[in-house]
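A.B. asks: Just need the whole structure built from these sequences, with the hints factored in.
There are 2 protein chains.
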Amino acid sequence: MRKAIPALAILGLFLALGAWGAPAAETTDGAGHGGPVVPVLLGLIVILLAAKIGGELFERMGQPAVLGELVFGMTLGSLGLLGFGGLEFLKTSVGLEILAQLGVILLLFQVGLESNVGEMLSVGWSSLLVAVLGVIAPFFLGWGVSAWLLPGEETLAHIFIGATLCATSVGITARVLADLGKLSARESKIVLGAAVIDDVLGLVILSVVSGTIAASNSGGSLDTLDTLAIIGKAIAFLVGALLIGGWLSRRVFRLAGLLRVKGILLALALSACFLLSWIADRIGLATIVGAFAAGLILDGVEFRDLGEKTKHHIEELINPIGGFLVPVFFVLMGLRVDLSTFGQTSVLGFAALLSVAAVLGKMICAAGVLERGLDRLSVAVGMVPRGEVGLIFAGIGAQLTLHGRAVITPPVFAAVVVMVIVTTLVTPPALKITLARGDRKRGRVPETAPVPEPERPALPLG
Amino acid sequence: MRKAIPALAILGLFLALGAWGAPAAETTDGAGHGGPVVPVLLGLIVILLAAKIGGELFERMGQPAVLGELVFGMTLGSLGLLGFGGLEFLKTSVGLEILAQLGVILLLFQVGLESNVGEMLSVGWSSLLVAVLGVIAPFFLGWGVSAWLLPGEETLAHIFIGATLCATSVGITARVLADLGKLSARESKIVLGAAVIDDVLGLVILSVVSGTIAASNSGGSLDTLDTLAIIGKAIAFLVGALLIGGWLSRRVFRLAGLLRVKGILLALALSACFLLSWIADRIGLATIVGAFAAGLILDGVEFRDLGEKTKHHIEELINPIGGFLVPVFFVLMGLRVDLSTFGQTSVLGFAALLSVAAVLGKMICAAGVLERGLDRLSVAVGMVPRGEVGLIFAGIGAQLTLHGRAVITPPVFAAVVVMVIVTTLVTPPALKITLARGDRKRGRVPETAPVPEPERPALPLG
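Chain order of the listed sequences is A and B.
Just so we're aligned, residue 1007 is where the first sequence starts under the working numbering, counting upward by one.
Just so we're aligned, residue 1007 is where the second sequence starts under the working numbering, counting upward by one.
Careful, some of the hints might be misleading.
Pairs count within a copy or across copies, as identical chains cannot be separated in the list.
Below 20 Å or equal to it, Euclidean Cα-Cα: the simulated SDA-like pairs (lysine to any residue) are [stated by the list, open to error]:
(1) Lys1239 with Glu1377
(2) Lys1239 with Gly1379
(3) Lys1268 with Asp1445
(4) Lys1447 with Ala1191
(5) Lys1097 with Ser1084
(6) Lys1195 with Leu1264
(7) Lys1097 with Ala1404
(8) Lys1268 with Val1123
(9) Lys1268 with Thr1233
(10) Lys1268 with Ala1180
(11) Lys1195 with Leu1380
(12) Lys1447 with Leu1376
(13) Lys1268 with Glu1377
(14) Lys1239 with Ala1221
(15) Lys1097 with Gly1041
(16) Lys1268 with Glu1120
(17) Lys1268 with Leu1186
(18) Lys1268 with Leu1063
(19) Lys1195 with Asp1305
(20) Lys1239 with Asn1122
(21) Lys1268 with Arg1066
(22) Lys1239 with Glu1120
(23) Lys1268 with Glu1065
(24) Lys1268 with Ala1184
(25) Lys1268 with Glu1321
(26) Lys1097 with Ile1250
(27) Lys1268 with Glu1322
(28) Lys1268 with Val1100
(29) Lys1097 with Pro1042
(30) Lys1268 with Met1067
Keep in mind the hints are simulated off the structure, nothing from the lab.
What you are looking at is a predicted structure, and each value in this text was computed from that prediction instead of being measured.
C.D. replies: Listed below in structure tokens is the structure:
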């Protein structure tokens, strides 16, 4: 109970800040003279504290922190429904939107830095097959659910909703496997390899769907040739960035090793990330495709020349910036969920069916495991969490318009957020159960004796 | 010559990016669909690369990197005068403006973290006297120069221009002293202590002038009682923040040590910085006053509880974020210098006289050194560089209006930038000369044998 007091005090601070800050955000000439940064400062305080309180509560419940950021964002966003409008400015601030977008670009840059092209190629056919099956099945299931329940929407909107179900969240799966001491298991390697390939496939699908929507808006139609052209462009961009970027960055970094000025490693890494993100946007792909490619490239660069000058790895420098900006994205995504849409039973039903499609769609991954003696169900369950990538896609869809209407409407956005939360919540307990079952079946002694927690009900997963 | 090729290639890249990016910044529905972040990405690439190239060139010339960022910003900004308008969007982007403002807030937070209240109090009367003399003299000299050469401006504008001449740049002085191996000399300690007190006095003057301008705009007048009230508010804020903030932050950080979630140290530090900046703005002070106070507070907090969880010091986490955002501020300040104003001889004359006032004003600091046997001229020369603080003040003045007219007009802004550049350029060679002279006079063997560089002409300093 004593621990609740600071939490309550901080919640009180939020409300006070909101009540005090709201007029400041609207009128530009109050007491202060700090210009457009002032409401952003207020927003950042609220967002950073909400992210950490939410993250802490969810970690204590054995759930990933990112879910807490999302749920606390939803809570803050729904204060408006309760008549407290002091935080409404968070939803429309251009400054926070830009910081959130920089956050998601840095997140994909970090994912790219952690992914290794060589390792991706070496995990072999099982990962590739698991990834491809795990992208195709949820894609068509999601498309089907959308076409069935939202007959009024256009085909491209259904396809976009299908696309939000594709990509597994590497971060969440890896975190759970690490917590269970299972990162070195063969099943884990397949899951992690597949999740990375998944990301790439998801980014390609996103590029195709976004490109088709752009073409459709300018009067064109859904043409197989155009679709192939966009797929080609996306693949050419990724391969080209890896080859040219890898060649070029080695040389640039070697030259940079000769420089005296401080902070050159950080500046070059960020410039490379922003440059590829910007080029990706210019050629019609999503910015995050470029950020991911930049991460892959810089993962391969050797920092030996710079190594003697800087005591830092590139990740060490990017992580604090990510730690600052990435929560802004997730809290803002939560803030934008319009909880009032759940008043419509149809939205709840859509969210439920979408979640079922997302979970069932990944169960087919079990068929992709070629090796014998492995626990296929664990691989499939490991592919279930969607986390950030689904959210990122939904966020992009909410900004795209098709014939003047948002591709991802507010109710659909809310349903996608529910799907992300359900798939992510379900995974940790389910994975504990299936991995323990697999160990028992083979008579292996589990490394860390993961006892299935009795207080959690077993989840009906396939 | 071979080294020039990559530099030329990068300059070419700038121009190409600008030419390609300019339409993207203006039309929102081009090929991309990345929203408002896309022009910001382009701006960040240009700014980060310009900052590092400029920094490198100036470091190789024995000058601080920050000058290079400023001068390269001016160069990029003047491309528009040569008919290349591709980078003009940098000057008006709200996103970049917000990032720059966050950068300067983080910079003052870093300065606060590096300053130690206990040390400030212990350097004694010499530092205090040096600081007070070094603030009063340039303030009135600047006021006088402005009143003489700009008879059309209002008194408050003259006072504001005087205020931009007050504060010594801790960073630049410390850097030069460290480079000369002189950080432990008694003269250096006086200069560094005085520079910190200087910052505080400068922030108080800024608060008073800004507050008076706000009062004047709402129909009030320059009243001694009001001025005293603002001085009282500024001092009460700093002292209150130190006392209450110090007491509260110790408890909050101890509680935070009990949390499991990652990144809590960074989130709390940033929240504290943003919260005090925001409060400062709300009560009519500049945001940077709050950021500086937050840094002073967190410098005193013991991280023993968190220390076992995190391997990082607070500075280590803030430095990469500062390394990303601080150059945005300086390059943007350079970009906003309208070089065409130098076409008017009156502006050049004003810049020259302002620079002389800035240098001469600090020479009186020599009288503040109470101890015998010290080289007083070195102390005075060490107080000359203005660097970031003068620029920050000028930037704030450019955003303030007095009876519908900017307090710092574009020609005055350009003159202040020249003053900052001159005072900063003059210091390193002058300090080398005076310190060596002082060593010779006392028959001391200089620690690192700083030979006065013959190729640099001796500067007529007092």
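A.B. asks: Under a CA distance limit of 20 Å, which applies to Lys1239 and Glu1377: within one copy, between copies, both, or neither?
C.D. replies: neither (34 Å within a copy, 73 Å between copies)
A.B. asks: Regarding Lys1268 and Val1100, is the shortest C-alpha distance of 20 Å or less found within a copy, between copies, in both, or in neither?
C.D. replies: Neither. Shortest intra-copy (31 Å) and inter-copy (28 Å) distances fail the 20 Å Cα cut-off.
A.B. asks: One pair to classify: Lys1268 and Glu1322, alpha carbons no more than 20 Å apart. Within, between, both, or neither?
C.D. replies: both (16 Å within a copy, 14 Å between copies)
A.B. asks: With 20 Å as the alpha-carbon cut-off, assign the pair Lys1268 and Val1123 to within, between, both or neither.
C.D. replies: For Lys1268 and Val1123, neither the intra-copy (30 Å) nor the inter-copy (28 Å) Cα distance is at most 20 Å.
A.B. asks: Checking Lys1268 and Glu1065: alpha-carbon separation at most 20 Å within a copy, between copies, both or neither?
C.D. replies: Answer is between; shortest inter-copy Cα gap is 10 Å, intra-copy 37 Å.
A.B. asks: Within, between, both or neither: how does the pair Lys1268, Leu1186 come out at a Cα-Cα threshold of 20 Å?
C.D. replies: between (41 Å within a copy, 18 Å between copies)
A.B. asks: Tell me, please, which holds for Lys1195 and Asp1305 at an alpha-carbon limit of 20 Å: within, between, both or neither?
C.D. replies: within (19 Å within a copy, 44 Å between copies)
A.B. asks: Using 20 Å as the alpha-carbon threshold, which applies to Lys1097 and Ile1250: within, between, both, or neither?
C.D. replies: neither (39 Å within a copy, 32 Å between copies)
A.B. asks: Is the C-alpha distance from Lys1447 to Ala1191 at most 20 Å within one copy, between copies, in both cases, or in neither?
C.D. replies: within (15 Å within a copy, 73 Å between copies)
A.B. asks: Within, between, both or neither: how does the pair Lys1195, Leu1264 come out at a Cα-Cα threshold of 20 Å?
C.D. replies: Result: close neither inside a copy nor across copies, 39 Å intra and 33 Å inter.
A.B. asks: Since the copies are identical, ignore which copy is meant and state whether Lys1268 and Ala1184 lie within 20 Å (CA to CA) inside a copy, between copies, both or neither.
C.D. replies: between (36 Å within a copy, 15 Å between copies)
A.B. asks: Are the CA atoms of Lys1268 and Thr1233 at most 20 Å apart within a copy, between copies, both, or neither?
C.D. replies: Cα proximity of Lys1268 and Thr1233: none, with 46 Å in one copy and 42 Å across.
Comparing the model with each numbered hint stated earlier shows that hints 1, 2, 3, 6, 8, 9, 13, 20, 22, 26, 28 do not hold.
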